[in-house]
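Asks: Once you have looked at the hints, place chain B on chain A.
Chains A and B, in that order, give the protein sequences. Position one of the first sequence corresponds to residue 1 (our numbering), numbered consecutively onward. Position one of the second sequence corresponds to residue 115 (our numbering), numbered consecutively onward.
Since the hints were derived computationally from the structure, they do not count as laboratory data.
Simulated crosslink set (DMTMM-like; lysine to aspartate or glutamate; CA at most 25 Å straight-line):
1) B:221 x A:102
2) B:170 x A:95
3) B:221 x A:59
4) A:57 x B:116
5) B:166 x A:102
6) B:224 x A:102
7) B:174 x A:3
8) B:224 x A:42
9) A:18 x A:56
10) B:182 x A:102
11) B:166 x A:95
12) A:57 x B:208
13) B:174 x A:107
Covered by chain A, according to a simulated footprint, are these stretches of chain B (three or more residues, beta-carbon under 8 Å):
14) 156–168
15) 198–207
16) 216–227
Computed beta-carbon distance windows for the label pairs:
17) A:80 x B:196: 41 to 47 Å
18) B:172 x A:15: 46 to 52 Å
19) B:153 x A:26: 19 to 25 Å
20) B:130 x A:17: 45 to 51 Å
21) A:9 x B:142: 34 to 40 Å
22) A:9 x B:132: 33 to 39 Å
23) A:7 x B:167: 39 to 45 Å
24) B:124 x A:69: 38 to 44 Å
25) B:132 x A:67: 44 to 50 Å
26) B:124 x A:9: 23 to 29 Å
27) B:159 x A:52: 25 to 31 Å
28) B:122 x A:114: 30 to 36 Å
29) A:14 x B:142: 44 to 50 Å
Just so you know, even glycine gets a beta-carbon here, dropped at the ideal spot from N, CA and C.
Residues per chain are reported as follows:
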Amino acid sequence: EADIYQTPRYLVIGTGKKITLECSQTMGHDKMYWYQQDPGMELHLIHYSYGVNSTEKGDLSSESTVSRIRTEHFPLTLESARPSHTSQYLCASSEFGTTTGELFFGEGSRLTVL
Amino acid sequence: GDSVTQMEGPVTLSEEAFLTINCTYTATGYPSLFWYVQYPGEGLQLLLKATKADDKGSNKGFEATYRKETTSFHLEKGSVQVSDSAVYFCALSDRSGAGSYQLTFGKGTKLSVIP
Numbered sequence: 001e002a003d004i005y006q007t008p009r010y011l012v013i014g015t016g017k018k019i020t021l022e023c024s025q026t027m028g029h030d031k032m033y034w035y036q037q038d039p040g041m042e043l044h045l046i047h048y049s050y051g052v053n054s055t056e057k058g059d060l061s062s063e064s065t066v067s068r069i070r071t072e073h074f075p076l077t078l079e080s081a082r083p084s085h086t087s088q089y090l091c092a093s094s095e096f097g098t099t100t101g102e103l104f105f106g107e108g109s110r111l112t113v114l
Numbered sequence: 115g116d117s118v119t120q121m122e123g124p125v126t127l128s129e130e131a132f133l134t135i136n137c138t139y140t141a142t143g144y145p146s147l148f149w150y151v152q153y154p155g156e157g158l159q160l161l162l163k164a165t166k167a168d169d170k171g172s173n174k175g176f177e178a179t180y181r182k183e184t185t186s187f188h189l190e191k192g193s194v195q196v197s198d199s200a201v202y203f204c205a206l207s208d209r210s211g212a213g214s215y216q217l218t219f220g221k222g223t224k225l226s227v228i229p
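So here's chain A without its partners, still in its complex pose:
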């Protein structure tokens, strides 16, 4: 069983609100990722991190920001949510020196912006 946790699982908020999606892992993994999953199920990498104080933008441009102050924690923040941000957000982690590149995923945070 992978030990990676996301909160909240479900969030419904109004336009303009600031939100933070939390992601924590207890596996000591250096690399962490945020994916956005659209209604058609396709996954888009929006942020990743190689380790503490490292953050990189992914393939899909996103208005969200991330931080990595502790190895185990990789929160995602939207300063002013809009309906276009409505989506499922999936956090994942992997070992930096992995020989296979396998990712471990959290259960996801489903965000609805009204």
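Replies: Positioned in the frame of chain A, the structure of chain B alone reads:
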């Protein structure tokens, strides 16, 4: 760049039917290949993997063989159950960069199994 193409869904099968979900890939290095599964309302879970050519990954009755000559990694199961209803993602991880891997996912195939 790397890419993964998997058969489009949705796929609807009757219980005990044979399942094949096609997956082909393009990669510049020596990728590892994966099938992930996403059950309704959950995140992705690794279903099976293969790290080199001719390897066969298997789990929960599912199998996939890494075919370098056809650049394919098709997912198969001999007899599906209602509980197999989920979205299945084919993915590759290129080992070309030391310590630096990026997973490339296919678009996902939704499987519905009806009793």
